[in-house]
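Asks: Based on the hints, put chain U in the right spot on chain B.
Protein sequence lines correspond, in order, to chains B and U. Its first residue numbered 1, the first sequence is counted upward by one per residue in the working numbering. Its first residue numbered 1, the second sequence is counted upward by one per residue in the working numbering.
Warning: the hint list may mix true and false statements.
Cβ-to-Cβ under 10 angstroms is the rule here; a few derived chain B residues that face chain U [claimed, not checked]:
1) E5
2) S9
3) K16
4) V85
5) A307
Only part of the chain U face toward chain B is listed, based on derived beta-carbon distances under 10 angstroms [stated by the list, open to error]:
6) I3
7) Q6
8) S9
9) A20
10) G22
11) E25
12) Q89
13) G190
14) V194
15) L294
16) T304
17) Y310
18) S325
19) S332
20) N333
Pair by pair, the computed Cβ-Cβ distance ranges are [to be verified]:
21) K8(U) <-> G143(B): 41 to 47 angstroms
22) G19(B) <-> N78(U): 32 to 38 angstroms
23) K8(U) <-> N78(B): 23 to 29 angstroms
24) G190(B) <-> K151(U): 50 to 56 angstroms
25) L198(B) <-> K2(U): 36 to 42 angstroms
26) S325(B) <-> K118(U): 24 to 30 angstroms
27) S325(B) <-> E5(U): 48 to 54 angstroms
No lab work stands behind these hints, which were simulated from the structure alone. Bear in mind that the values here come from a model prediction, so they are computed numbers and not experimental data. For every residue, glycine included, the Cβ atom is placed at its ideal position computed from N, Cα and C.
2 protein chains.
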Amino acid sequence: MKIAEQLKSKIDFKTKPLGALGLLEELALQVGITFDSLSPVLKAPHLVVFAADHGIALEGVSAYPQEVTRQMVLNFLNGGAAINVFCAQHDIHLEIIDAGVNCDFDPELPLGKRKVGKGTSSFLNGPAMSPDIAALCLANGAGIVDTIAGKGCNVIGFGEMGIGNTSSAAVLMSVLCGLPLQDCIGRGTGLDDVQFQLKQAVLEKAIANYGGTDDIHALMAHFGGYEILQMAGAMEAAAKKNMLVLVDGFIATVAYLCAYKMDSSIREKAVFTHQSDEKGHQLLLKTLEAKPLLQLGLRLGEGTGCALAYPLIVSAVNFLNEMASFESAAVSNKS
Amino acid sequence: MKIAEQLKSKIDFKTKPLGALGLLEELALQVGITFDSLSPVLKAPHLVVFAADHGIALEGVSAYPQEVTRQMVLNFLNGGAAINVFCAQHDIHLEIIDAGVNCDFDPELPLGKRKVGKGTSSFLNGPAMSPDIAALCLANGAGIVDTIAGKGCNVIGFGEMGIGNTSSAAVLMSVLCGLPLQDCIGRGTGLDDVQFQLKQAVLEKAIANYGGTDDIHALMAHFGGYEILQMAGAMEAAAKKNMLVLVDGFIATVAYLCAYKMDSSIREKAVFTHQSDEKGHQLLLKTLEAKPLLQLGLRLGEGTGCALAYPLIVSAVNFLNEMASFESAAVSNKS
Numbered sequence: 001m002k003i004a005e006q007l008k009s010k011i012d013f014k015t016k017p018l019g020a021l022g023l024l025e026e027l028a029l030q031v032g033i034t035f036d037s038l039s040p041v042l043k044a045p046h047l048v049v050f051a052a053d054h055g056i057a058l059e060g061v062s063a064y065p066q067e068v069t070r071q072m073v074l075n076f077l078n079g080g081a082a083i084n085v086f087c088a089q090h091d092i093h094l095e096i097i098d099a100g101v102n103c104d105f106d107p108e109l110p111l112g113k114r115k116v117g118k119g120t121s122s123f124l125n126g127p128a129m130s131p132d133i134a135a136l137c138l139a140n141g142a143g144i145v146d147t148i149a150g151k152g153c154n155v156i157g158f159g160e161m162g163i164g165n166t167s168s169a170a171v172l173m174s175v176l177c178g179l180p181l182q183d184c185i186g187r188g189t190g191l192d193d194v195q196f197q198l199k200q201a202v203l204e205k206a207i208a209n210y211g212g213t214d215d216i217h218a219l220m221a222h223f224g225g226y227e228i229l230q231m232a233g234a235m236e237a238a239a240k241k242n243m244l245v246l247v248d249g250f251i252a253t254v255a256y257l258c259a260y261k262m263d264s265s266i267r268e269k270a271v272f273t274h275q276s277d278e279k280g281h282q283l284l285l286k287t288l289e290a291k292p293l294l295q296l297g298l299r300l301g302e303g304t305g306c307a308l309a310y311p312l313i314v315s316a317v318n319f320l321n322e323m324a325s326f327e328s329a330a331v332s333n334k335s
Numbered sequence: 001m002k003i004a005e006q007l008k009s010k011i012d013f014k015t016k017p018l019g020a021l022g023l024l025e026e027l028a029l030q031v032g033i034t035f036d037s038l039s040p041v042l043k044a045p046h047l048v049v050f051a052a053d054h055g056i057a058l059e060g061v062s063a064y065p066q067e068v069t070r071q072m073v074l075n076f077l078n079g080g081a082a083i084n085v086f087c088a089q090h091d092i093h094l095e096i097i098d099a100g101v102n103c104d105f106d107p108e109l110p111l112g113k114r115k116v117g118k119g120t121s122s123f124l125n126g127p128a129m130s131p132d133i134a135a136l137c138l139a140n141g142a143g144i145v146d147t148i149a150g151k152g153c154n155v156i157g158f159g160e161m162g163i164g165n166t167s168s169a170a171v172l173m174s175v176l177c178g179l180p181l182q183d184c185i186g187r188g189t190g191l192d193d194v195q196f197q198l199k200q201a202v203l204e205k206a207i208a209n210y211g212g213t214d215d216i217h218a219l220m221a222h223f224g225g226y227e228i229l230q231m232a233g234a235m236e237a238a239a240k241k242n243m244l245v246l247v248d249g250f251i252a253t254v255a256y257l258c259a260y261k262m263d264s265s266i267r268e269k270a271v272f273t274h275q276s277d278e279k280g281h282q283l284l285l286k287t288l289e290a291k292p293l294l295q296l297g298l299r300l301g302e303g304t305g306c307a308l309a310y311p312l313i314v315s316a317v318n319f320l321n322e323m324a325s326f327e328s329a330a331v332s333n334k335s
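Looking at chain B on its own, in the form it has when it is part of the complex (with noise of 0.2 angstroms):
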């Protein structure tokens, strides 16, 4: 019998109704399955935080000045941030890294270098950044879940933080997955009417400006930015590596939409932790028949819904692993 059937009878035979622990359930399938095992342990939870800058943020699409990255970036390394404060709740180890922050940061500080640029080019009117330097990012975020995985961790999830880095987003699902750009952006961290009118306008003009071709690859470099990158790069080894990929918000599930149009069998590692309140983020989970965990209308990034998502994860494991069966409790199944 495959792992599979073998799971979805250990799961069926818990002392409960059929079904009864919804999306838990599949979860546990899922989990017993990328791990192998009918009894699945999750080790050494890490999450990652890809901090990087954007050209696209001086066109005036965001609501926050550009300096916000360094000082959120201080702000993780200080344990002062929402993503702090529910990683060290649930132990789950958090790594921050400069993808390519707009800045020079004190080289003493507990900081991932993985920097590639102070920031992208506006994809306005021409490339975010080129072939090479996509590629280095592919290559970098790999590189950090080779270290990670050596420590013996089997679920990482993702965040980012990055101003301006929604429009990258949104102009990326929207090429990747042939969608309207109207229906890809939203307000991000709040923009005004008048202000995402000018978001709209300046990112039509530069899918418009675009003259390169549908290649992934193409479109990553010209539209991508360096967290979003990394991130894409890091899930897809990841899941290379049987680990357990938590997707957090609206750049995250683009960066998995990224990694998945690179290899599509990341999809049976992913977990979809939650749906942002991003305008985009709930119509990119339905085209990829994704189901949340979590409904909490978060729209803060940094993977915060990884972390909050993370004790649900261990729900599923831990009734995979400790409730008892019907035999074993001499309870009566149904009829």
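Replies: Here is chain U on its own, set in the frame of chain B:
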């Protein structure tokens, strides 16, 4: 400045876009108001599972035999049920109450002894219990909460086990909310089409046979269950003590509805932990204008939704207490 305004201000100046933590921000506000504190602390979380049998179960309205109530109580006491696993995961103290199971338990078992009868009478042709027994149920629930509050607990969830109790809950929902029965009944633990039609016919007849008043106490005695009424009394008492009241799925929300009809001030203290897959629950939550924290397709009862959502409540409290403010972290706020 009132506590609510102070809390809102504290939440808004955390290092995140305004409202970016969605429902967790509403939850942090509610917890702060309930405990009248800008730095609330959750203390000694408890989950109480009330178990009882139902005369109506003998009319063929359940997929499982009545003896499963007793068997599941023993499973709870042996640590083998889902609620055991999830409470252990989150350090929630679990208490099991015999509110009226149709058997004699070994008196040595670590079971709360609040049995008021060996199952209710069938309410098909007469009342489930007398008004005196209904009043005793409410008092029993309040007494249990008194004892637990004495241990320093300020956050308490409630679950239930009782073969046939979705029937009692569906009828109570229908008569208390003035909603058509067919919108309130579901498949419980897993009825097939024929069994489901029988359930509907039996319950319609029971409502047609009722000749009493619309008084909440009369309706609870006629259609209620021992565990539902003890839970309602417990919820009412917990709210009066300014404890945070965690409401589980369909049955527990009907118990909440009963408590609400007795004293609507419970609303401010109640956290709706999940939306069950049981048909009537979505409509009931909508009727109560309640936003559930989780939507995982659970339909198990036992308080499992309370336990699974508990870490989100901790997260809400933790971000309120531990996150940096824009000022303390020197992060630029929205311009």
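Asks: Run the structure past the numbered hints and jot down the numbers of the failing ones, going up.
Replies: Hints 1, 2, 6, 7, 8, 14, 22 and 24 contradicted; others consistent.
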